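> These are the residues of each chain, in order.
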Amino acid sequence: SQQGEEDPQALSIQEGENATMNCSYKTSINNLQWYRQNSGRGLVHLILIRSNEREKHSGRLRVTLDTSKKSSSLLITASRAADTASYFCATDAANFGNEKLTFGTGTRLTIIP
Amino acid sequence: DAGITQSPRHKVTETGTPVTLRCHQTENHRYMYWYRQDPGHGLRLIHYSYGVKDTDKGEVSDGYSVSRSKTEDFLLTLESATSSQTSVYFCAITASGTIGELFFGEGSRLTVL
Chain Z
1002 SQQGEEDPQA LSIQEGENAT MNCSYKTSIN NLQWYRQNSG RGLVHLILIR
1052 SNEREKHSGR LRVTLDTSKK SSSLLITASR AADTASYFCA TDAANFGNEK
1102 LTFGTGTRLT IIP
Chain L
193 DAGITQSPRH KVTETGTPVT LRCHQTENHR YMYWYRQDPG HGLRLIHYSY
243 GVKDTDKGEV SDGYSVSRSK TEDFLLTLES ATSSQTSVYF CAITASGTIG
293 ELFFGEGSRL TVL
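Chain order of the listed sequences is Z and L.
Each residue of the first sequence is one higher than the one before, starting from 1002 at the first, in this note's numbering.
Each residue of the second sequence is one higher than the one before, starting from 193 at the first, in this note's numbering.
Same shape as in the complex, but just chain L (with noise of 0.2 Å):
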């Protein structure tokens, strides 16, 4: 399995507090996604890094912000969660951008009230 670890794997938060979300990968691999995933619509890419400090907005970006400062974490932050935001939210690696099967966290389930 690839060294992905997401944490916290289930949280629970009121409206209006902000969450960070953390994937660590032991791989070294260069691109780090962020999807979430919803019922009736598969997963829709929130945001993307290329390398360190390198980082791209995906489909559905409103609302969420990213970091990376080191190759191996790759953090999503909701700055004031809302309930539209609760989802499951996975955390994927590749060695390349261009071509490449995506290796998958095993997902952070969220959940706003």
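If we strip away everything but chain Z, and leave its shape as in the complex, we get (with noise of 0.2 Å):
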């Protein structure tokens, strides 16, 4: 069963316009991530936000944790066309690290030009 979900399935914005996808799983986890996959290839990490964090940044992501609603969310400022790739949160039971680590069925992001 899928611990991670991403929200909307698919999206498509236009160059420079802001993108947010959600991801929501069911247990509680140590950590989330948010990988990166463009088409044909294999995933990317951008950026893991522990279970005690709220917010982190890295250029122009900001991801932030919800862990009472059991939601993440990843917001990319000022898109790119580059930036049109699938985006999967993963998470990690608690209890248990990589080995437990949980991929969600992705977010298909486009940007248009």
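Since the hints were derived computationally from the structure, they do not count as laboratory data.
All values derive from a computational prediction rather than experimental measurement.
All the given hints hold, so there is nothing to weed out.
In silico negatives: residues of chain L with every beta carbon more than 12 Å from chain Z:
(1) Y256
(2) S257
(3) S272
To give a feel for the contact side, a few chain Z residues facing chain L, derived at Cβ under 8 Å:
(4) N1032
(5) Q1034
(6) G1043
(7) L1044
(8) H1046
(9) L1049
(10) F1089
(11) F1104
(12) T1106
(13) G1107
C-beta: ideal position from N, C-alpha, C; glycine also.
Put the two chains together into one complex, using the hints given.
Here it is, written out as structure tokens:
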């Protein structure tokens, strides 16, 4: 069963706009990670947020985590054509590590030039 | 880029034949993982390894076996391939099993006819 589920499944925006995607999960976690996957390629790690953190920034990326709602959001500001990709959240269940890292089904983001 | 090589990158085989996918890393990372990616399911963990000759099952291990005789190589074997095993297979590595990012290979696309 999926631990994380992203919403929306697909998102198309104009270049320069901000993109927000959400992830919901079911059980308590240690950490939540976001990955990007370009078409036909492997996943690339973007950012990790620990369960005791509420917000984290990395360049144009902003991640929030609400453990009470079991949800996270990824905001990409000032989007670029190169941001077109699928984005996945991944969670590790509390008391487990990366061996129990489970991925959501992803949000497909399309940036329109 | 993390030194991860998957082979073969593409394979077409027939139902009932054995298939072995290889993951080779040059990072000397302890942990290695095999995931499969299917539309609507995201990535699902098949097997993982936490050291030479130390492996464990993931979420979807039925029909798959793995071996790790050297730190750098993690083999995934389908003893008798079925059409339901048509998928894209990703290898991932990490230095830490408890926290941290995974580094992914470029994937192996397997088609079972």
